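Work out the full structure: start from the sequences and follow the hints.
Taken in order, these protein sequences are the chains called X and F. For the first sequence, the numbering used here gives the first residue as 44, with consecutive numbering after it. For the second sequence, the numbering used here gives the first residue as 94, with consecutive numbering after it.
Everything labelled a hint here was simulated from the structure, so no lab data went into it. Computed from a prediction, not measured in an experiment: that's the story for all the values here. Every residue, glycine too, gets a C-beta built ideally from N, C-alpha and C. Treat the hints with care, since some could be wrong.
What the hints assert, rightly or not - One side of the interface only, derived from the structure: several residues of chain X facing chain F at Cβ under 8 Å:
no. : residue
1   : 85
2   : 88
3   : 91
4   : 131
5   : 149
6   : 150
7   : 151
In case you want the letters, here they are:
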Amino acid sequence: DVKVTQSSRYLVKRTGEKVFLECVQDMDHENMFWYRQDPGLGLRLIYFSYDVKMKEKGDIPEGYSVSREKKERFSLILESASTNQTSMYLCAARDSGSSRNNEQFFGPGTRLTVL
Amino acid sequence: AQKVTQAQTEISVVEKEDVTLDCVYETRDTTYYLFWYKQPPSGELVFLIRRNSFDEQNEISGRYSWNFQKSTSSFNFTITASQVVDSAVYFCALKVAGGSYIPTFGRGTSLIVHP
Chain X
44 DVKVTQSSRY LVKRTGEKVF LECVQDMDHE NMFWYRQDPG LGLRLIYFSY
94 DVKMKEKGDI PEGYSVSREK KERFSLILES ASTNQTSMYL CAARDSGSSR
144 NNEQFFGPGT RLTVL
Chain F
94 AQKVTQAQTE ISVVEKEDVT LDCVYETRDT TYYLFWYKQP PSGELVFLIR
144 RNSFDEQNEI SGRYSWNFQK STSSFNFTIT ASQVVDSAVY FCALKVAGGS
194 YIPTFGRGTS LIVHP
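Rendered as structure tokens:
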């Protein structure tokens, strides 16, 4: 099974700080995703990367950027954290191979609080 | 555009009851994939099942069963003899074949199983 790890389970930051959320997967999967999860809103896609150095905006990219310099690592960056970015952040990986229709494997999530 | 509706926001049952989680989807594509994920309180979404649009055979895995009906665009999930460990948020998702890398998630159904 793919193992997806996220650097922190809980994180508290102050408004205006630059925040890095790290995600690492150990199975050489091409696709990686960052979602945020808020009550009543389900999962919303922030960014995804279909391969190294490739990235595409999701539904809510504003206030975020990403970096994928190596296949196994996909970083989410909050350039200047704001209180409305308090949320649960979930990273996922998927083996696209010959299909983009495989299931995703998720990390345990990072619960970020911005004060 | 695709859409996944999980109309039940929260379901509360007593242990040993059977419970069905509804999932209704919309797509104009004829080839697509449907998924269910479980998110326990620990936070990590866990993949449960994937079905493709050409396979309407229902599936049973232990106490879990899935009913796929193209005629009603539904992919419902039933837990038989529920247990406290089944308490989680359950997400249904749809991915059309080819093209986009991105699945469409429903907003999730929170299942609470009381002892």
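Which hint numbers doesn't this structure obey?
none
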